[in-house]
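J.: One letter stands for each residue in the lines below.
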Amino acid sequence: MPVTSTVSASGKDITIKITGRFDFAVQNEFRDCYHGTSPDDGVSFTIDMHKASYMDSSALGMLLMMREHLGGNNANITISTSSADISNILTVANFQSLFKIS
Amino acid sequence: MNENTLTVLVADDDVTNRLLLEAILRKEGYDVIHAEDGREAVEVFERERPDLVLMDIRMPELDGYQATELIKAMSGDVFVPVIFLTANSDIDSMVKSVEAGGDDFLAKPYNRIQLQTRINALMRIRELYSTVRLQRNELIQHQKRLERERQMAKRLFANIIHTGSLDQPNIKYLLSPMSLFSGDILLAAPKPSGGLHVILGDFTGHGLAAATGALPVSSIFYGMTAKGYSITEIVTEINTRLKTILPVDMFLAACLIDIDTTTHTLTVWNGGLPPLLVYDTRQLAISLRIPSQHLPLGIIDGESFSRRVEVVGIHQGDRIYICSDGVLETQNRQGEMFGQDRFDALFESKLAPQALFDTILGRLSDFQAGSLQQDDVTLLEICYDQSSLEQRAGTIEEEAGGRGRLSAAPSSWRLGLTLTADLLKVLDPLPLLIQALMDLQGFRGQRQQLYTVFSELYSNALEHGLLKLDSSLKANASGFVEYYQAREQRLAVLSKGEIRIDIHHQPDAGGGRLTIAIEDTGNGFDVNSALLPLTENLGHAGRGIQLLRSICDEVTFQGSGNRVEVVYRWR
Numbered sequence: 001m002p003v004t005s006t007v008s009a010s011g012k013d014i015t016i017k018i019t020g021r022f023d024f025a026v027q028n029e030f031r032d033c034y035h036g037t038s039p040d041d042g043v044s045f046t047i048d049m050h051k052a053s054y055m056d057s058s059a060l061g062m063l064l065m066m067r068e069h070l071g072g073n074n075a076n077i078t079i080s081t082s083s084a085d086i087s088n089i090l091t092v093a094n095f096q097s098l099f100k101i102s
Numbered sequence: 103m104n105e106n107t108l109t110v111l112v113a114d115d116d117v118t119n120r121l122l123l124e125a126i127l128r129k130e131g132y133d134v135i136h137a138e139d140g141r142e143a144v145e146v147f148e149r150e151r152p153d154l155v156l157m158d159i160r161m162p163e164l165d166g167y168q169a170t171e172l173i174k175a176m177s178g179d180v181f182v183p184v185i186f187l188t189a190n191s192d193i194d195s196m197v198k199s200v201e202a203g204g205d206d207f208l209a210k211p212y213n214r215i216q217l218q219t220r221i222n223a224l225m226r227i228r229e230l231y232s233t234v235r236l237q238r239n240e241l242i243q244h245q246k247r248l249e250r251e252r253q254m255a256k257r258l259f260a261n262i263i264h265t266g267s268l269d270q271p272n273i274k275y276l277l278s279p280m281s282l283f284s285g286d287i288l289l290a291a292p293k294p295s296g297g298l299h300v301i302l303g304d305f306t307g308h309g310l311a312a313a314t315g316a317l318p319v320s321s322i323f324y325g326m327t328a329k330g331y332s333i334t335e336i337v338t339e340i341n342t343r344l345k346t347i348l349p350v351d352m353f354l355a356a357c358l359i360d361i362d363t364t365t366h367t368l369t370v371w372n373g374g375l376p377p378l379l380v381y382d383t384r385q386l387a388i389s390l391r392i393p394s395q396h397l398p399l400g401i402i403d404g405e406s407f408s409r410r411v412e413v414v415g416i417h418q419g420d421r422i423y424i425c426s427d428g429v430l431e432t433q434n435r436q437g438e439m440f441g442q443d444r445f446d447a448l449f450e451s452k453l454a455p456q457a458l459f460d461t462i463l464g465r466l467s468d469f470q471a472g473s474l475q476q477d478d479v480t481l482l483e484i485c486y487d488q489s490s491l492e493q494r495a496g497t498i499e500e501e502a503g504g505r506g507r508l509s510a511a512p513s514s515w516r517l518g519l520t521l522t523a524d525l526l527k528v529l530d531p532l533p534l535l536i537q538a539l540m541d542l543q544g545f546r547g548q549r550q551q552l553y554t555v556f557s558e559l560y561s562n563a564l565e566h567g568l569l570k571l572d573s574s575l576k577a578n579a580s581g582f583v584e585y586y587q588a589r590e591q592r593l594a595v596l597s598k599g600e601i602r603i604d605i606h607h608q609p610d611a612g613g614g615r616l617t618i619a620i621e622d623t624g625n626g627f628d629v630n631s632a633l634l635p636l637t638e639n640l641g642h643a644g645r646g647i648q649l650l651r652s653i654c655d656e657v658t659f660q661g662s663g664n665r666v667e668v669v670y671r672w673r
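Taken in order, these protein sequences are the chains called A and B.
When we follow our numbering, the leftmost residue of the first sequence carries the number 1, and every step to the right adds one.
When we follow our numbering, the leftmost residue of the second sequence carries the number 103, and every step to the right adds one.
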């Protein structure tokens, strides 16, 4: 499964794990992971990209959709990655100003 | 004849057989027509266009095979089933029937039920065939219409998003869209004050949707550049517009640059594109790298949008490179990407500067080696050649002027304006002022000259009068950078002072006489040094006054040098 999500026992933390290519092909699976959550639910999201091999600009667009859905500036989303390529893509787009990146 | 009744042609030279078949068919509710030999069968078919043919094989004139071939050729892409009537079912005649285009066989003696079943099966195929044909024709029509629309849209796009100013000897570029429409844009426009604005952008996605976003970008870019706005203002405007019109998951990664031939500076705003590189052709090495420092355009709006630009000095012969990420993400057969490291390495091989661009293209295509293009690819090289860049400014179109009175007779008017420190901090008044003059009087063909006059007068009043910047800093190109940094810092904290502008126009011998006075509340400057003979005043700093003198009929400094009055005659 390229996209899986896990909910913590409290229900307040959701981790979305992406394996392989993060691009338009996983659009629906990715959206399903956060679509049931509303900005008022106080849920923190972590996008785990340690196992992701690649992301393209449509994936950046998908992250922006998620952020918008979860309340824009009030959204609580952390992107976690150890890949230099993915960090570079996020940095070039200056996404550190919109998301927490660890 | 009932519209839904099927007509069957019976071709047989034996009258008994014909009558027998006709009786069976009529009983089943078909209309029957007949022919006595092959030639008549073809003639009757051509005239009556029946829905089905029962064909005897051995007949005079033409035999059943020949008649069938002719009938099949005549029916074109309409399926008219032909059933062969055979005395025996020998393999040889079966093969020949199929070769002639026959669809089924019926062996004598004829059986009513067998005949009915065969006809029903073939009619179902005929119906299926006609549905497919109808859908195929609709598809072909649809495709033709779509292609026409696409071609028309492409021409429209090409006219709006023209790349006219890119076709200059000192600019090389590659625009390689992966489909008919590119999600990458590359635009260049000369500035009214000399030099060039360029934008290279990459929309999320490809094709028509991505290309549509390019329309507002190009109209803002060309319109505001011609009116004299800076890239800071242009990038802010583009961002605001895109934020309004683009869906949340779509944005424009872009790099805007301003190449200024008066100050020898390069001003860069890079949001989301790979680093801009400057290649020093004397050292044969990359001398500068300006990475993306902002979010791409169309994502956030208002206060949080970062309009900060980087200003650097630039030398004659320097080469500037900007590319879309499609260049770095070009893939080889193994799915490996070209990447920034390979790109940078191309600049380390000490190649002759004029060979660099073609070398980059060559390496990219070798790397890709026939594997499929995955993204729009755009690469730009600009050689900083002062003379060709200045020449280009001379060709600026009156793109921004259209709204004003086109050929108003010169009239008499006066315009006074006081700009306070609060206003100066947030607004560059020149584009608005020039536009107001164009609207008032319609100075056709004078925009660029007027722009230069106002821009020199205004920067003198602001930079020396109010901000007290020392123009001796500008003696060399690196001082320029320092100078403009100081300008930005001091302007941000400016709390008092004013610039007063008084413009007076009078008709004068077939044209007009425009008197412009600009006064600032600063201390003025050493009038005598500015009046030094031209030979002693050739540095960067003296250029403004020389320029004014070359355009205006009179230039006078008044007061303690804090008031400058010029007279500009036009016809």
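Treat each hint with caution, since some may be false.
Claimed, not checked - Output of the computed footprint for chain A on chain B, the stretches with three or more beta carbons under 8 Å from beta carbons of chain A: (1) 109-121; (2) 364-375; (3) 394-403.
As the list claims (entries may be wrong) - For each label pair, taking beta carbons as the anchor points, the in silico distance ranges come out as: (4) B:317 / A:97: 47 to 55 Å; (5) A:20 / B:226: 42 to 50 Å; (6) A:69 / B:325: 30 to 38 Å; (7) B:546 / A:84: 40 to 48 Å; (8) B:437 / A:69: 53 to 61 Å.
Said to hold, decoys possible - Here are some of the chain B residues that sit facing chain A, going by a computed Cβ distance under 8 Å: (9) 306; (10) 307; (11) 355.
Just so you know, the hints here were simulated from the structure itself, not pulled from any lab data.
Backbone N, C-alpha and C fix where the C-beta goes; we use that ideal spot for every residue, glycine too.
J.: Against each hint, give a clear statement of whether it holds in the structure.
T.: Going down the list of hints, with the structure as the test:
1. A count of 0 residues in the segment 109-121 of chain B with a Cβ less than 8 Å from any Cβ of chain A is obtained; the coverage claim is therefore unmet, three being the minimum.
2. Coverage of the segment 364-375 of chain B by chain A holds [criterion: at least 3 residues with CB-CB distance below 8 Å; count 3].
3. Check on the segment 394-403 of chain B: 7 of its residues sit with their Cβ under 8 Å from a Cβ of chain A, so the three-residue criterion for coverage holds.
4. Here the CB-CB span from residue 317 of chain B to residue 97 of chain A is close to 28 Å, at odds with the stated 47 to 55 Å.
5. Distance hint check: the CB atoms of residue 20 of chain A and residue 226 of chain B are about 48 Å apart, consistent with the given range 42 to 50 Å.
6. Distance hint check for residue 69 of chain A and residue 325 of chain B: the Cβ-Cβ separation is about 35 Å, which falls inside the suggested range of 30 to 38 Å.
7. Take residue 546 of chain B and residue 84 of chain A: their Cβ atoms lie about 57 Å apart, and the range 40 to 48 Å is violated.
8. Restraint check, residue 437 of chain B to residue 69 of chain A: a C-beta distance of roughly 32 Å breaks the suggested window 53 to 61 Å.
9. Given the 8 Å rule on beta carbons, the hint for residue 306 of chain B holds: about 5 Å separates it from the nearest Cβ of chain A.
10. A distance limit of 8 Å between C-beta atoms decides the matter here; for residue 307 of chain B the minimum to chain A is near 6 Å, and the interface restraint holds.
11. Checking residue 355 of chain B against chain A: minimum C-beta separation of about 7 Å stays under 8 Å; hint holds.
Of the hints listed earlier, those the structure fails to meet are numbers 1, 4, 7 and 8, in rising order.
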